[in-house]
Amino acid sequence: MKKLINNPDDIIKEQLEGMQAAHPDLIKVNFEPYYITRAGGPVKGKVALISGGGSGHEPMHGGFVGHGMLHAACPGEVFTSPTPDQMHLAAKAADGGAGVLNIVKNYTGDVMNFEMAAELAMADGIKVQNIVIDDDIAVKDSLYTAGRRGVGSTVLIEKICGAASEEGYDLQSLSALCRTLNQNGRSMGMALTSCITPANGSPSFDIGDDEMEIGIGIHGEPGIQREKIKTVDEIAEMMTVSILEDAAYSRALKEWDFEKNEWVEREIVDEPFKKGDKVIAFVNSMGGTPVSELYGVYRKVAQVTEKFGVKIVRNLIGPYITALEMQGCSITLMKVDDSMIKLWDAPVKTPGLRWGV
Amino acid sequence: MLKKEHVISWLSESFSVLEENRQYLTQLDTAIGDADHGNNMYRGFKKVNEQLPALEGKDIGAVLKAVAMTLISTVGGASGPLYGTFFLQAATKCTGKDELTPQEVSVMFKAGLQGVKMRGKAQPGDKTMIDVLEPATTTLSELVEKGEPLDIAIKEAVSVAMEKLKETIPMIAKKGRASYLGERSKGHQDPGATSSMFILEAFSKAIS
Ligand SMILES: Nc1ncnc2c1ncn2[C@@H]1O[C@H](COP(=O)(O)OP(=O)(O)O)[C@@H](O)[C@H]1O
Ligand SMILES: [Mg+2]
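Taken in sequence, the protein lines are chains F and H.
Going by our numbering, the first sequence opens with residue 1, and the numbers climb by one from there.
Going by our numbering, the second sequence opens with residue 1, and the numbers climb by one from there.
Bound conformation, chain H alone (with noise of 0.2 angstroms):
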């Protein structure tokens, strides 16, 4: 089960990472973007963060999507139209509820995958965000499925998330502000991808 509580700190872990991450994920999109990714991310979460306090009471669906709009509002470029868009699909799975089986939760990944394929039109291979979390989101759902239980299942998701990540370093970027660079994108790693998985990694933190 996953608890609200959870989700919480989930939000809180990610804005630790985030934060510790700064740099590192601003120098990734230096190499092949316009060096703001992790100060996008960053200023974000820093206000996700601000705000947890006054979402404890709160449904999970409630939670998910006053991170969206807030993500939505602060962040800017493309990752916040696209992280925001995840949260706000997720959150419409989750309206009401104050825990979520595991089942609800794979609906949720899912859910917010959609909305940010959606948004974004990029496809796995493209090197953004997508090649994280669309792997992690079908390794989660196919452990679910099998009945393995929500930390475990999390835990093989960043696994797969983490070897798909390294996956980006030789891709050609397709889509985003990368794409203009064509052959250069190849040897970097994508930020955006990074920060998914480091979101993830937060994730598989709080429920364990």
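Bound conformation, chain F alone (with noise of 0.2 angstroms):
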């Protein structure tokens, strides 16, 4: 393993500190427990905005805390969910009056993870919803598995959500927002190399050479299926393809329920993408992946976009929601309206993401 690291065990401690000394002006870090919340304190009458995963997805999620995007952000251990304890504090450092509204990726640790931290700000009289984003079509079904997993559109949501916030959402309608637009985002991701983490020193799965992995999620886990590396247009449009024609996705996903009092599943259908939808597109890099062989996919996006007769009217393309030093890519395609396009282009200020300011 080579890393730019000192001891393995010190390395969240010591990034979040250089995080910390790179942007006072725009986040502040607690350190025991971790969390980072926005430099200016709680944003008064506004619904927190909060999320949190494992770490080594920089620059989701603490990069994205600041003016018109999160306000605070939970890292765990290096691909392991952060705890309640965290993330309930956070709540109570974040809250600005208008509640928390959590952003949570899909999968079983930061579902349980957060659903105990909601329980337990909910104690101490916060108002706060769940809104769980499962956008990885790669995997097909809800029954067999834990259900699709919490990817590329995380970053979008967080963005517009942010910038719904700072407009004055209450957390029902930003709840809504959030909701809408993961059932309206699907992704999918590939890896030409693993990726080691560094507690354990050594690739997470092998890979041949001339071999490539197609529907992998973010923590170097093995995807759906292994093939020959073809070319990146070959690679680009068999991704944006099978985001374009996947069928409806229905699935049961739990929120709070405020009159009840506890938690209820919601049924939840994701309607397919259709002529003349226009588009966010998001083509990421897993870490290793150079931003020229983004731009790469980005042709072919496009061009297989254009096909199908989806307007592309806004895209994002770098790396922002990564897996250490995995090689490979992630595309997202998320269908907007003009308003979620305005929230899209409005004002956001973090480390990882800044524009309009």
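If you're looking for bench data, these hints aren't it; they were derived computationally from the structure.
Remember, predicted model here, so these are calculated numbers, not experimental data.
Careful, some of the hints might be misleading.
As the list claims (entries may be wrong) - Only some residues are given here: those of chain H computed to face chain F with a beta carbon under 8 angstroms:
(1) Thr26
(2) Ser73
(3) Gly76
(4) Pro81
(5) Lys174
(6) Lys175
Using N, Cα and C, we set each Cβ at its ideal position, and we do this for glycine too.
With the hints as a guide, bring the two chains together.
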């Protein structure tokens, strides 16, 4: 293993210290336990948008804390969900009196930890909703699996919902927007190489020089299928077509019911893309793939969507939701309407994403 | 009788066996997960182990509750809330008690198991820790009902658990991260079921 680290046990702390040193104007890092809030403290009267997950996906989520995006983020150990005490304290620190919306990527651990955290925060009198993001179409069904994973859509949703919070959306309307955006987004990922977690020191999976792994998540876990490597055109076309042609997807997701005062399962259906849809296209590096190659991917994504009759109205290209040094990419398409585009264009000022300010 | 000293030594034995098998558990999780289970369990039980001296005077309920809170706040992943819930629910059956009858031990395990099932919604056959925890708990409580002494009952529960653990190998995972692999999850032993096995073994060791 070759990495720019000291002792593997200290990396989360040291890297957070680095973030704090780099961005004192934007963020404030709490160390025991770990959570990151905006430098200016809670924003009065605005719903606090919080997310969290394992480390190793930077800039997500900590790099998205700041004006126009998240109010707080909770980093776990590398690829391991953070714990309820972190999320609970982050909620307390970020709540500006209008409640908290937790954006939760659909992984068993993240979902359960955020549920326990919401229960703790509610016991303190904070209004909390959890919305689960599950956009990875590589996972086909939710009956025999833990359901689709939360991947690329998360970044776009954090941006758009962050802007909506600044606009003054209340908890209910922000939750509804978040849910709709999740239904509107679909992603797929692939890897050329594995990644190495610092704690283990060896690759998370073995892969030949001439092979690629299709349908990977963001934790170095193996994907859905192993294939011989192909050209970027073939790979990007296969992924984009899979996304565009993905059928309606139905599953039940847990949300808090404020009337019944308990978790309830909501049956939610994602409708497939259709001609005339406007989308944000997001081509993401898994960490090790250079931006130049992402443009190679984007070229094909643009061609395929145009042929399908879907219009890309905005795009995001770069490493935003990564899996350490893994080579590979993910593609996300998210259907948006004019109000969502306006929220996308709104100013954002975070360590990882910044425009309009 | 299960004395509170036994509970303390159960927890320190658990730490020892999880420390010893940290890499092994992570290896199992590398095959069908995200290569962190051994590290997660080690981190959690190391913290538990550090707290044991401070817990020595406390009743069993208080000890188990403290363990639950520590695991919840240090393990992370799926196993953190699951094992945390196990000990939290187990604790509710031992509040204020300095020792437990074999029947009470069986009630404690059942409550823990029920907690894990509530939180994770897994069924036997889904290739999770439930595939070890449930048959072990059933065996324990059946033998205790028949009047077997606790150490005999738990030994038998461990040997049943050992068999059931092996049975997770051909299963297709339906819960947790391994479920994403579908058919490719076949042929690998479940990491969480394996750590449950170690914790049960530690229990047996602590009382014999
Ligand atoms: N829904 C569930 N119910 C019971 N056990 C589960 C469930 N999901 C996962 N597990 C257990 O958790 C183990 C994985 O734990 P760990 O690797 O620590 O967490 P993560 O999967 O979040 O990385 C699995 O091997 C399995 O036994
Ligand atoms: Mg794991």
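Hints and how they fare:
At its closest, the beta carbon of threonine 26/H sits 6 angstroms from a beta carbon of chain F; the interface hint therefore holds under the 8 angstroms criterion. With its C-beta approaching chain F no nearer than about 4 angstroms, serine 73/H sits inside the 8 angstroms limit, and its interface hint holds. About 4 angstroms separates the beta-carbon of glycine 76/H from the nearest beta-carbon of chain F, less than 8 angstroms, and the hint is met. Taking 8 angstroms as the C-beta cut-off, the interface hint given for proline 81/H holds, the closest approach to chain F being about 4 angstroms.
Interface hint status for lysine 174/H: upheld, as the beta-carbon distance to the closest one in chain F is roughly 5 angstroms, under 8 angstroms. Hint on lysine 175/H holds. Least Cβ distance to chain F is approximately 6 angstroms, under the 8 angstroms limit.
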